[in-house]
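The whole structure should be built from the sequences, with the hints applied where relevant.
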Amino acid sequence: MTDKAILEEKIMSKASDNDSPQENSLINIQNYDFFYGDKQVLFDVNMDIPAKQIVSFIGPSGCGKSTLLRNINRMNDLVDGVHHNGDITINGQSNYDPHLDVISLRRRVGMVFQKSNPFPKSIYENVVYGLRIAGVKNRSVLDEAVERSLRASFLWEEVKDRLKDSALGLSGGQMQRLCIARAIASGPEIILMDEPCSALDPIATLKIEELIHELKKNYTIVIVTHSMQQASRVSDKTAFFYLGELIEYSDTDQLFSTPKEKKTEDYISGRFG
Amino acid sequence: MDQPEKYQISKWTLFVDSFMSKFITVGGLSVIAAVLLILIFIGKEVIPLLEEAKVSPLETIDLPKVDIEHVAVDEWTTLPAFITKNSVYLVNLQKNNEISSKQFELENNSPITAVNYDQERQLVALGNSKGHVSLVELNYSQEFLDKYENGRQKSKTIFTMSQKPYLALAEDEAKVIKIAANQSESTKIVAAVTEKNNQQQLLVVTLKQSVDLFGNVSDDLTVDEKLNFTEYITGKIQKIIISSQADSILVYTDKNEVFSFRTKNGKIGFSQKFEPFKDEADKEIASMNYLFGSSTVIFSNKTGRFLGFSIYKPSEDMPRVFGLTKTTFDDLDGGAEVFSRSLRNKSFLVSNGKRIKLMYSTSESVNWEDTLDYDIKHSIISGKYDRILLVDDKNKLNILKLSDPHPEASVKTYFSKVWYEGQPEPKYLWSSTGGTEEAEKQLSMMPLIFGTLKATFYAMLFAVPIAILAAIYTSQFLPDSWKTIIKPLMEVMASLPSVIIGFLAALILAPMVEAKVPSIILVIVSVPLAAFIMGSAWSYLPPKIRYKCTEGMEFVFFAPILILVTVVAWNMGPVLESWFFTVVDSQGREIISFSRWWSESLGYEYTQKNAMIVGFAMGFAVIPIIFTIAEDSLSNVPKSLTSASLALGASRWQTTWRVVIPTASAGIFSACMIGLGRAVGETMIVLCAAGGTGLMEMNIFNGMRTLSLNLATELPEAAKQGTLYRTLFFGALILFVLTFIINTVAEIIRQHIRNKYKTV
Ligand SMILES: Nc1ncnc2c1ncn2[C@@H]1O[C@H](COP(=O)(O)OP(=O)(O)OP(=O)(O)O)[C@@H](O)[C@H]1O
Ligand SMILES: [Mg+2]
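These protein sequence lines are chains A and B, in that order.
Residue numbering for the first sequence follows the numbering used here, beginning at 1 and increasing consecutively.
Residue numbering for the second sequence follows the numbering used here, beginning at 1 and increasing consecutively.
Check the hints yourself; a few may be wrong.
Claimed, not checked - Computed footprint of chain A on chain B; a stretch qualifies when at least three of its residues, placed anywhere within it, have a C-beta under 8 Å from a C-beta of chain A:
1. 39-53
2. 659-670
As the list claims (entries may be wrong) - Computed cross-link-like contacts, EDC-like style, restricted to lysine to aspartate or glutamate with a CA-CA straight-line distance of at most 16 Å:
3. B:K483 with B:D392
4. B:K264 with B:E284
5. B:K548 with A:D194
6. B:K756 with A:D165
7. B:K548 with A:D101
8. B:K548 with A:D77
9. B:K756 with A:D194
10. B:K401 with B:E369
11. A:K217 with A:E245
12. B:K302 with B:E275
13. B:K544 with A:E245
14. B:K394 with B:E69
15. A:K263 with A:E245
16. B:K758 with A:D165
17. B:K377 with B:E337
18. B:K239 with B:E284
19. A:K216 with A:D236
20. B:K544 with A:D97
21. B:K483 with A:D194
22. A:K115 with A:D236
23. B:K639 with A:D77
24. B:K639 with A:D80
To be verified - If you only want the chain B side, here are some residues facing chain A, beta carbon under 8 Å, derived:
25. P426
26. P479
27. D480
28. W538
29. L541
30. P542
31. K544
32. S640
33. R754
34. Y757
If you are wondering where the hints come from, they were derived from the structure by calculation, not from laboratory data.
Predicted model only: the values in this text are computed from it and were never measured.
Each residue gets a CB set at the ideal place from its N, CA and C atoms; glycine is no exception.
Here it is in structure tokens:
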């Protein structure tokens, strides 16, 4: 990898490794409140997300899962009139540090959306998009990144002969895996996934879940899901949100077997939501 | 029908549904029908242009067995006259072809030896054996009778002739063997060749009609000047002709040379000698005749080649002389034995033996040709260009009906360069009126098509970058609260009547621009440059400062700087002008003026109403259209795509450039095309600000004439069903086809782009 942006980030993460507040914790959310205009949707959220682990967010619709996720890479900046209290730090560096460039933050924190959103370009161009905008022009670096990311997302065998074809010709599941490949191609540290399987059939879902599991080796993954089974299948830790509050956050096995809170129990046993 | 009631669709819903679908079908079909009807209507007006001339025999009348020298006819073809050396014979077609005659007066019984007739001025010139000349004016008039036929009052044609007293031209009483005469309002010229002892003389006399105190022209003629041009001539003179303005005499000799004498500063003198068939194998001149307007002379030789010579200035500082302009006429074996010209247009009728051809000078085409079963001795085309009179070798008069409503229409006149009368070279020109009746109609479509494209080009040059960039900025960068102000504002701009834009452009912008061209150039260059520099500088600012400013609101900082740059650039204009755009006038003074520099140093024309003004004004009209459509298609790019790009760490501009613009490109393209379509057909603005001269130059500081402008200015005045009227409709058809082609091509390209970038 010769990509200078990635190098930069490596150096940066090394530097900040030292002063990380808690051993092994990569993302640190402290007293976080969030507002859309006057409407508060997150209330005093505190959580630590450890590196190279999968954390899933569950909770009833509208409880603020996506909102929190989207604040980890500051995608909510695009919404007019938002503000917040508290802080989110990654490797000890605040997301709201005035010296921080949002662009470099987003290169570090990749994102996969609920609805797959490949660009109307070729499969190849979709994957290398992140590198191209980072200024990588070297053909062999790009080729290498395409193969690596497509292999990592289990798509390589299916598309290696049609890399120049439009990405819009893929199936829904393939498109979603392409979006994951696109997210990992530029080498982020963290991947955020907002209900990545909600539009997929069980087989495709399974493939993505396998993929997520595989990615854990190299990436820290935060995933929002509505499927309790999925949360229990893929994640190491699970956070349960209710009406903008973090109700319970613990190891997945523990949360699903012996929830501490009454609300959690009601939710996972399907009594509401 | 045995479904439970709750699954049944209400009758009303079904009715509305079927009614609406029929209504929409009918609506759609009627739109197509309306467009087709317009096309059919235009086509109906244009198609007659393709019609060829039709000639059909009407009647044949025996004439007295006399030696006819010339034929004359009145405008209504009721009373043809046959001129011999002694008298005029009249055949009254309204009165059972009754024949009457009137004798010319003689002087001392000296026989008339030469006679000539000019159809245009209805002037007979007589010369006798004693060197005397006399002029006879023929006069036709209409007298209305108390009888009605088919609701029209019947009339009778009255013929009168008045002979002027003889005038001694040759002092030596030499016999006049050739004569020609013509007259303008104030002067008459008589030119004659006399012969005595085998010696030829070319004598010319100019006559003035005296005008009394009250401006009445008296009948008395006074000799103004008597000239002897014999010295210029070599060889025996074969023919003399005089132009209908009485300012030019042409003679040719048996040496096949032509000598031209022209009036300059009121005096007639030798002008030029040339050999028409110098470059041909057969050099022998067979005929020499003026066309209507006397600007062109048609020569033929015995092999039957025809050449046209027109009078023009070969270059700005040279006098007008005859030069070869028409070389592609059809041949007529043996040359033009008999020649007559139309008094309406540039048609002429030539015949040799039984062969006859009706040719048109502008298009150099043959409009009608035939081989008749009699030998033609004399011909004449009636004043209304609706009858041809032919006298054959058996003194029979053949009257033919001529129907040639659009002689000048041809592919050549519309689309090729034509060497028009008075022009130093072949050109594409449009001038449907030409000032006088005699002027050659210039009906080339090319300058109009060119003008249309030129106006469109400059308008698009101005409008497309501004509209597209504004659309990109508004849709991608501006906060929503501002968008809601900008978009309705643009729509207000779109609803501005183009006549207002046109008037503002012509009355305020044009004079202002003329004085401020360097300032405008400076502003056009420096504003984008400044914006670019500021943009680059901004991206180098540390994020801390950058993020102080809400995304999309950077213009709050930029706008004052840009305004400052504009003001400075505007005021620097005169400085720039004084550095680069000075000319030295005839008195050696330095004059600082861009427009004079442009025309004097570069040799291009500068007109106040020019392509730049049209570009600004039409661009102004087109910007809101392009902006609105482009902005819509940019805003319609799915948010999921921009989010995907931003989440991958792309900047807003990278997202715009790499994702939004490609995805919206089909929409942006159609925005430009709809703008283009509007600009092509735009009329009011060009009417006000384009100047209207049909030039074929890309020069930005020059005007143009567009198809639509041409249509708007000339159609109200064009005679219905006339050539101009139909030609204007032909222009409309071209405009129609032009927009049709643009739209079709645009749609094909748009589909192509859309398939390439269609989103899920
Ligand atoms: N752009 C926005 N502007 C205003 N309010 C918003 C916006 N996006 C979300 N909200 C509100 O914030 C609250 C949390 O929304 P969020 O999308 O985070 O919920 P969620 O937990 O992801 O729900 P779901 O499971 O349905 O996706 C909701 O009440 C929602 O209406
Ligand atoms: Mg959500």
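Evaluated hints:
1. 39-53: With 0 residues in contact (Cβ-Cβ under 8 Å with chain A), the coverage given for the stretch 39-53 of chain B is violated.
2. 659-670: holds (count 3)
3. B:K483 with B:D392: Violated: K483 (chain B) and D392 (chain B) sit about 85 Å apart, past 16 Å.
4. B:K264 with B:E284: Violated - the C-alpha atoms of E284 (chain B) and K264 (chain B) are around 30 Å apart, more than 16 Å.
5. B:K548 with A:D194: Distance ~30 Å between K548 (chain B) and D194 (chain A) Cα, so the pair is violated.
6. B:K756 with A:D165: OK: K756 (chain B) and D165 (chain A) at ~11 Å, within 16 Å.
7. B:K548 with A:D101: Within the cut-off at roughly 12 Å; holds.
8. B:K548 with A:D77: This hinted pair holds, its Cα atoms lying about 13 Å apart.
9. B:K756 with A:D194: With Cα atoms ~29 Å apart, K756 (chain B) and D194 (chain A) exceed 16 Å; violated.
10. B:K401 with B:E369: Holds - the C-alpha atoms of E369 (chain B) and K401 (chain B) are around 14 Å apart, at most 16 Å.
11. A:K217 with A:E245: 30 Å, violated
12. B:K302 with B:E275: Holds, because 15 Å separates the two Cα atoms, which is no more than 16 Å.
13. B:K544 with A:E245: The given pair, whose Cα atoms are some 31 Å apart, is violated under the 16 Å limit.
14. B:K394 with B:E69: 14 Å, holds
15. A:K263 with A:E245: Distance of about 11 Å is within 16 Å: holds.
16. B:K758 with A:D165: Holds, at roughly 14 Å.
17. B:K377 with B:E337: 8 Å, holds
18. B:K239 with B:E284: Holds, at about 13 Å.
19. A:K216 with A:D236: Roughly 10 Å between the alpha carbons, so the hint for K216 (chain A) and D236 (chain A) holds.
20. B:K544 with A:D97: Since the Cα atoms of K544 (chain B) and D97 (chain A) sit roughly 8 Å apart, the hinted pair holds (cutoff 16 Å).
21. B:K483 with A:D194: 30 Å, violated
22. A:K115 with A:D236: 24 Å, violated
23. B:K639 with A:D77: Roughly 14 Å separates the two Cα atoms, so the pair holds.
24. B:K639 with A:D80: 14 Å, holds
25. P426: Violated, because the Cβ-Cβ distance from P426 (chain B) to chain A comes to roughly 53 Å (cut-off 8 Å).
26. P479: Where the cut-off is 8 Å and the nearest Cβ of chain A is about 7 Å from P479 (chain B), the hint holds.
27. D480: 6 Å, holds
28. W538: Interface hint status for W538 (chain B): violated (14 Å vs cutoff 8 Å).
29. L541: 11 Å, violated
30. P542: Nearest chain A Cβ about 7 Å off; hint holds.
31. K544: Holds - the Cβ of K544 (chain B) comes within 8 Å of chain A, reaching about 4 Å at its closest.
32. S640: 4 Å, holds
33. R754: 10 Å, violated
34. Y757: 5 Å, holds
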